[in-house]
Amino acid sequence: MSRNLVELIRRHHTVHAPTALDVLKAAVDDHGELTDEDRKHAAEVSGLPEATVYGISSFYDDLLAPRGARHVRVCTGTACWAATGGAHVDAVQEGLQLDLGERSADGQVSLAETVCLGFCHSSPAIRDGDVIDAGPDAPARAIAGATVATSEPAWESLLPEPVLTRPADWSGLRRALTELGPEQLLGMVEEAKVRGRGGAGFPAGTKWRFTRGAKGDEKFIVANGDEGDPGSYIDKYLMEQNPVRVLEGLALAGFAVGAGHGFVLTRSEYPLSKPALEAAADQAREAGWLGTDILGSGFDFDVTIVEGAGSYVVGEETALLACLQGLRGTVSARPPFPAERGVYGLPTVVNNTETLANMPFIALQGAAAYQSLSPDSESNGSKLICFNERFLRPSVYEVPFGMTMRELCEDVAGGLRDGRTIKAVQLGGPLGGILPASKLDTPFDFDALAAEGCMVGHGSICAFDDQTDMRALAVHLLRFGAHESCGKCFPCRIGLRRAHDMFAADAAVDRAKFEQLLEALELGSLCAHGSGMPAPLRSLLAHFPDELGLS
Amino acid sequence: MITVTVDGTEVEVEEGTTILSAAKQADAWVPTLCFDDRQAPFGACRVCLVAVEGAPKPLPACTTPCRDGMEIDTTDQTSRRVATAVVELVLSELPERPAAHTELAQVASRLDVSLTEEPRWPGATHTTDHDVRHPYLAFQHELCISCGRCVRACDEVQGAFALTATGRGFSANIAAGLDSGFTDSSCVSCGACADTCPTDAITEIRLLDGNAVGRLPLRDDHRPRVKRRLPSEGTTER
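Protein sequence lines, in the order shown, are assigned to chains A and B.
Just so we're aligned, residue 1 is where the first sequence starts under this note's numbering, counting upward by one.
Just so we're aligned, residue 1001 is where the second sequence starts under this note's numbering, counting upward by one.
Simulated from the structure, these hints should not be mistaken for lab results.
All residues carry an ideal CB built from backbone N, CA and C; glycine is no exception.
Errors might be hidden in some of the hints.
Claimed, not checked - Calculated Cβ distances over 12 Å to all of chain A for the following chain B residues:
#1 Gly-1054
#2 Asp-1068
#3 Asp-1073
#4 Thr-1084
#5 Glu-1093
#6 His-1134
#7 Asp-1155
#8 Arg-1168
#9 Ala-1176
Stated by the list, open to error - The calculated DSSO-like cross-link candidates involving lysine-lysine, where the alpha carbons are at most 30 Å apart (straight line), are:
#10 A:Lys-193 / A:Lys-439
#11 B:Lys-1024 / B:Lys-1057
#12 B:Lys-1024 / A:Lys-193
#13 A:Lys-513 / A:Lys-439
#14 A:Lys-193 / A:Lys-215
#15 B:Lys-1057 / A:Lys-513
#16 A:Lys-439 / B:Lys-1057
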């Protein structure tokens, strides 16, 4: 990330200038597409150079597709693909007589793709304006211009006492401020061995310790609410149904590391997340849980909610920081880590939304109570998981670690609907491995899943039924991978495109050449997008080699 | 000062020194494409991979700081295999061979990557798109490998901020101003971008020659042929 641009942004932020991305987003919302006048205006008010603004305007999906009076977005996420094999996308294109990214000549209707709307429980999902319609009849309703908002299933905790699904009441922050103090709170989080819930599993306490020890008086906490993983809607539930818990976790992190301000970066694919968090923040300010001198403790903390603009890789922490500051959402090499140079070039903690949602419990009940939430596992705490539409009872569930995948898929989610059987499940998003049905007795656990080339990841469990074409699945995954590559590092930028083309071509895939390409991606890529995309492909090669058309 | 070993040679370096600098100090060759020692390391090209004792996988030399006692192997086979694959991928995205004098051609040659054979992973190439509206500087967008060197030169060296990366994924490229060419941008014609470009995607038009340098095909009538690319065509390759 350019230090000069970040410094420009910091200086303009101190005089409350909006970010270039905010201005560009508002222009698209206002008149459907960007003009050079919009870009010049964005440059002027944000203080960024015109070229930089042009670069931003060419990066984000939301800024690229022209919008008509009605803007229809069809979800091309993995759950929707698992439900229809992509037929819903074809149907909507045909019904509206529009290609993806096209607007009708009269300007009345436009069509774009989006990944993913987080309605994986009711796929396929289609967004019409801000209405999200999902289910087998959603395409027909979208074509007829008669979409209806689909309701979301209630979430459920399998714990004796719910933790993450329980509404928060700021009692964890009260205890931290009045009884614990920052050092003791940080010690408890370290002792609880909280592993990051966003995919990488990095110890949250270690991250906090680095940032607490970083030089400087001004520090920041960022909640990564950019759960872009197709097939996952866990953070969506947290941000929209339990926003206080996320904000309380953010404030606790701020108290522990000495930060006075927090940000939540939400996804534009979840239009309700930002309003839900902002409403909760407003109430918290009124009640005195956010603001200056909270509970008379001398601790000042407030939050800003920022919405992204359509980019999966922005879930990576350095890209997230770039997006938060309104820049192109490309990945930066580390070091420097955010703990040293984050928002405005200052020390910053970036934690996943669910990771932060664990903190109120730890602050209130302590590390030992947190560890005992998963008695049958080495992993601590509980985990939110979610299932896709292929299951009989898809929703978000809070579970202890250590249950087997079979228990989760069959007992919790009820197995598949319509008499279908599981062929394989993908865990933890598009960078997660694929577990064949024969391995469902693997425990749901960081280490046990890693041994099978899989990961807890974000906690999504996406089933592919017995009729799934595994080569088509490879094409689906690689199309997503290539489309979402930020374009920064060479192996990912070119390699994912080539990998996609190998499988999309009407020809046998040279296995040796493909595996050489996977190695370059795994070992060469700058971030987890390029190095992680091979994982599900490796699974397919290992478990379904005869179905991939290899040579 | 800390001590590291590069290919068996001990060198003393200051704390914070990158592996790439230490390797240079030890006279060890590490291939690079996105690196320019006048600019902050970028870590994009991934051809500067080296093996470090104890590290589970190759590390990029340009962005990895040395640790005391580090044992570095710049000739590690796995690292070289990946670097070679990346250079092959880069060559495969260009519609034509890079000129022999370019850094890309030289790195390819030193890694024994053929410039003429059918690529291991063939596929789409960038669309030819020349912009010769500026009197001294020309774009050949199809040769851009998104190394970011021109953008950083303009930002870090010149402070003109006339250039930006554009698009994403395979369609990533560069633009001046609002993709309006150098003339309609904050470009000060310093030439730092052309100077650092490893592929001739930006070249300096030498007035004394009365023509463009290298292979830039100025047309007989000298009328620039410019294709305006709208951002809504973001998925179009150039």
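Self-check item: Check on Asp-1068 of chain B being off the interface with chain A, judged by Cβ distance over 12 Å
Solution: holds (16 Å)
Self-check item: Pairwise hint evaluation, Lys-1057 of chain B against Lys-439 of chain A, where the allowed Cα distance is 30 Å at most
Solution: holds (28 Å)
Self-check item: Reported absence of Thr-1084 of chain B from the contact zone with chain A (all CB gaps over 12 Å)
Solution: Given that some Cβ of chain A is not farther than 12 Å from that of Thr-1084 of chain B, nearest at about 9 Å, it is violated.
Quiz item: Does Lys-193 of chain A lie within 30 Å of Lys-1024 of chain B when you go C-alpha to C-alpha?
Solution: Distance of about 41 Å is beyond 30 Å: violated.
Exercise. With a cut-off of 30 Å on the C-alpha distance, tell me whether Lys-1024 of chain B and Lys-1057 of chain B pass.
Key: Roughly 21 Å between the alpha carbons, so the hint for Lys-1024 of chain B and Lys-1057 of chain B holds.
Self-check item: Gly-1054 of chain B remote from chain A - nearest C-beta pair above 12 Å
Solution: holds (16 Å)
Quiz item: Taking the closest pair, is the beta carbon of His-1134 of chain B still more than 12 Å from chain A?
Solution: Per Cβ check, His-1134 of chain B is outside 12 Å of chain A; nearest 14 Å; holds.
Quiz item: Can the restraint linking Lys-193 of chain A and Lys-215 of chain A be considered satisfied, given a maximum Cα separation of 30 Å?
Solution: holds (25 Å)
Quiz item: Holds or violated: is the Cβ of Asp-1073 of chain B farther than 12 Å from all Cβ atoms of chain A?
Solution: holds (15 Å)
Practice problem: Quickly compare the C-alpha distance for Lys-1057 of chain B and Lys-513 of chain A to 30 Å and report which way the hint goes. | Solution: Distance ~21 Å between Lys-1057 of chain B and Lys-513 of chain A Cα, so the pair holds.
Practice problem: May I ask you to check that Asp-1155 of chain B keeps its beta-carbon over 12 Å from the closest beta-carbon of chain A? | Solution: violated (5 Å)
Exercise. May I ask you to check that Ala-1176 of chain B keeps its beta-carbon over 12 Å from the closest beta-carbon of chain A?
Key: With a cut-off of 12 Å, Ala-1176 of chain B comes too close to chain A, as the shortest Cβ separation is near 6 Å.
The structure shown violates the earlier hints numbered 4, 5, 7, 8, 9 and 12.
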